[in-house]
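Colleague: Build out the structure end to end from the sequences listed, making use of the hints.
Chains as they are written, first to last, in the numbering used here: chain A, 1 to 236; chain B, 1001 to 1382; chain C, 2001 to 2401.
One or more hints might be untrue.
[Claimed, not checked] List time: in silico EDC-like cross-link candidates among lysine to aspartate or glutamate, alpha-carbon distance up to 16 angstroms:
hint: 1; chain 1: A; residue 1: K196; chain 2: A; residue 2: D136
hint: 2; chain 1: B; residue 1: K1319; chain 2: C; residue 2: E2117
hint: 3; chain 1: A; residue 1: K4; chain 2: A; residue 2: E71
hint: 4; chain 1: B; residue 1: K1364; chain 2: C; residue 2: D2049
hint: 5; chain 1: A; residue 1: K4; chain 2: A; residue 2: D136
hint: 6; chain 1: B; residue 1: K1319; chain 2: B; residue 2: D1343
hint: 7; chain 1: C; residue 1: K2359; chain 2: C; residue 2: D2177
hint: 8; chain 1: B; residue 1: K1364; chain 2: C; residue 2: E2117
hint: 9; chain 1: A; residue 1: K12; chain 2: A; residue 2: E71
Because the hints were derived from the structure by calculation, they are not lab data.
One letter stands for each residue in the lines below.
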Amino acid sequence: MRGKGIRIQGLKKRYGSGDTAVDALRNVDLQVAPGEVVGLIGPSGSGKSTLLKCLGAVIDPSAGRMTLGEELIYDNGWRVRDLRMLRRDRIGFVFQAPYLIPFLDVIDNVALPPMLAGAANAEARARALELLTALDVQHRARAMPSQLSGGEQQRVAIARGLVNRPPVILADEPTAPLDSERAMAVIRILNEMARKFETAIIVVTHDEKIIPTFRRIYHIRDGVTHEEAGEGRGFG
Amino acid sequence: MRRLPLQGRTLALLAFIVPLLALFVFVGLRSGPLAPVAVTLATVQSRALAPALFGIGTVEARYTYRIGPVVAGRVERLDVDVGDRVRAGQVLGAMDPVDLDARVRALDSASKRAGATLREAEARQAYAQAQARRYEKLLLARSISEETVTTKRQELQIADAVLAAAREEVDRARAEREALIAQRSDMRLVAPVDGVVVLRDAEPGSTVVAGQAVVELIDPASLWINVRFDQLSAAGLATALPARIVLRSRDGEALAGRVFRIEPKADAVTEETLAKVVFENVPSPLPPVGELVEVTVGLPGLPAAPVIPNAAIRREGGKAGAWRMGDGELRFVPLVLGATDLDGLVQVREGLADGDRVVLYSEKALTARSRVRVVERIGGTP
Amino acid sequence: MISLAGRDILHAWGKFVFTGVGLGLLIGVTLVMAGVYRGMVDDAKALLDNSGAELWVVQKDTLGPYAESSSVNDDVYRGILAMPGVARAANVTYLTMQVRKGENDVRAMVVGIAPGEPGTTPGWPPYLVAGRQITRAHYEAVADVASGLRLGDRLSIRRNQFTVVGLTRRMVSSNGDPMVFIPLKDAQEAQFLKDNDAIWQSRRRTAGNPAFNRPGVPGLLEAVIASQSTNAYVNAVLVTLQPGHVADDVAESIRRWKRLTVHTRVGMEGILVGKMIATSARQIGMFLVILSVVSAAIVAFIIYTLTMDKVREIAVLKLIGTRNRTIAAMIVQQALALGVIGFVVGRIAATYSAPFFPKYVLLMPRDSVAGFAVVLLICVLASVVSIRMALAVDPAEAIGG
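Modeller: Given below as structure tokens:
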């Protein structure tokens, strides 16, 4: 069930209490449809990372509502019992650095999430191979991560994020260390994957090179988001 | 399935782990208390043993003559020194006669006086006899009384007795004088036999007591060896058996000898049998008296019988015996043992037969449950 | 599910094996230390077993002949032989001294064995590894290989020379000094007679004493000197029993009728292990404990460091949804693998280094099994700390900023 992407209403996050309390998120409204790739842009200290962490169910928000697909996962309190399973099955991550497990080869790195979800090794590896092929790195399936170039590693990371077919993928500065050609390649892949697997993708970035490619952008400042239309430029 | 890169690495690791584990298991099973015990075997053979007895002794002189005075006195002179050869009858020295000469002269005079007394007694006896005869004649003529004749007869008897006493007195004086002269001559120290002086114990001028030896002589031809054999290993010792003599100062040179006598009195304190062994040919130069000697006496050879080396004899359950290896299995066999020889071979009277194999050396003490492995030599023995 | 621990080990196998070997050497040292202790106790037991005796008759009220010096007359054994239940009684002397071979000295325990036969007379070495037993009543010796002597060597004990005719193994005193067996009479002489200078001085002193040097009594001085030059003492009488007799009963009857002290095998073991080697044993025991604690700490530290190195991977794993259980299992499995490698290496190292120690090192299977269990336990406990740390890792750290 692909569902309706991700939807956040009135999310708040307060760190600390009393006089020293800091409101990292004041009022966040955000919505991403399946197959859509949106940008999340903001200066440092704007609450970008906090929002990502809330979206990734890594930290607990203070208030608000989060809906993932058909399911209300947070309503002033988590509505799912197992956050870990949520992360494993429903949310995919792509980071600035690939963060591949160095002691697993490429295919096992990508096959790991399905295996954790209970799939048999052969099936998990088959799915992984599928994604690696889609990302055009299947020829490196048996190499160790350290043997890959930066771009290849990033693609493998993306494959890992996608392998469990999560409804939403959170990408944190995925193009920051890359040059413009590679950055465009990554963004192009993200768009392709989003379309192919009907995944909602939120890309946190301040990379000038790829910002023009977003059709919709959320600006976040002082813990509040504003939606904006993007240029929607092609991937050159 | 993709196997290759992993397989390479896994193979390398397995190549390390598997031998390591194998070594571990090997170490666990083959060393320490679980390891089989290394043993060497010996085969029981029939051999004729030539047993022998071994004892140590000292060289002694058969006859030692201790020459000294019979009365206390002072040594006047000594004419010989240690190492001199002397002949029988040779004067070796003299004690100080002191007053003996004067006493001899006194006895001379006494002797002469006794002679004079004798002559007086003879005269008196002759007179008494003549008187007695005359009065007997007068009695027959009835000229005098019976009483007078009796008196004269009595006087004759008295005179006879006095004469006899005077004769004895002369003999006594002479004998005394001879005795003192003998003693005077005894002041000389004389060698009783041919020999060699081995000890000079008192110098001229020193006082010695009666019986103390001033000079000691031995007869070098009479050197023999006083040997002590441990009683437990003296079985079969008999006179006339051949002996091999090794002097301590001439190690490596074996001299021939034979058993001369076995002492009837053994040494009860040290539990040794004593025997005397003589040289066939007295070695020259003479070994010093008191030198230590090792003597091996050869006993008559025994007929062939199964023998084993004495290193194979073990103790189990309070009995002496050996571990026999039969069909790869080890069993302890109690044995009845017989004669032994000095090379460590022991006769087996009961318990084993020719051709049986027994454990000779082992790394550890064996029990009925020991696992063994047979080797040529126990490792670690140089 | 793949084995994360296995993959990590395979990937960094060099580091793993290297760490395992290092750990193994540490464990090996600990095992050897335990072996040293066991070796000491075994030395004491070997001493008792090799004497072949069931009872030791010693000077009254002493713990002799090994723990304390003891002196009994050498004809006491005749009376003991006559007591009921006694199969054999034999004199024995023990003296620890330097024996000379050529230019070198070896410290050895010289044992004087009574004349008799191998296998029956107590005190004789129960088994040989080369050569033969003593056949002559003087000047032959059987030596232990630990002394470095070989067959045919001539060794000097006091003023006599002995030829080595046989070799033994594991015949050592409770101190680990190798034994040299010589005939009893020679040993009595060695125990008693001093060097020539001392004898000469003692003769002069006797001759200067007017009580012994009376002119009116010729022969007195010689007799006195002769009596001073003999030794009618031995250190103990070794007794074997006839079958069917109980050691304690026979010992009690000897004690009562002969007014001597008698120790049974059990008693001697108690004396040797409980008194003689007790202090050394405690010393080694303390060292063993310290070594174990240090080993445990190092294992814990190594496992902690291994986990520390993987903090980022653990964060990522948590982020992509790995169960805490799985992560904990990975850490524990690696710790156990390290422990197993360490133990295997340690056991092998201990076995091959044991012969190089000057005293006997006994590695018992029982100790190895116990050691293995302890190593695994330490690994598990050490991994607990690391697991707590791993579980505390915040997956949010994977998300930067």
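Colleague: Compare the structure with each hint and give your call.
Modeller: Results of checking the hints against the structure:
Straight-line distance between C-alpha atoms of K196 (chain A) and D136 (chain A) comes to about 15 angstroms, which keeps the hinted pair within the 16 angstroms bound. Distance hint between K1319 (chain B) and E2117 (chain C) is fulfilled; the C-alpha atoms sit about 12 angstroms from each other, no more than 16 angstroms. Only pairs whose Cα atoms come within 16 angstroms are accepted, and K4 (chain A) paired with E71 (chain A) is accepted, the gap being roughly 9 angstroms. Straight-line distance between C-alpha atoms of K1364 (chain B) and D2049 (chain C) comes to about 11 angstroms, which keeps the hinted pair within the 16 angstroms bound.
For the suggested pair K4 (chain A) and D136 (chain A), the alpha carbons sit about 28 angstroms apart, so the restraint of at most 16 angstroms is broken. Note on K1319 (chain B) and D1343 (chain B): the hinted pairing is violated, with a Cα-Cα distance of about 23 angstroms set against a maximum of 16 angstroms. Simply put, K2359 (chain C) and D2177 (chain C) have alpha-carbon atoms about 9 angstroms apart, close enough for the 16 angstroms limit, and the pair holds. A C-alpha spacing of about 20 angstroms is found between K1364 (chain B) and E2117 (chain C), which places the hinted pair above 16 angstroms, so the restraint is violated.
Straight-line distance between C-alpha atoms of K12 (chain A) and E71 (chain A) comes to about 20 angstroms, which puts the hinted pair past the 16 angstroms bound.
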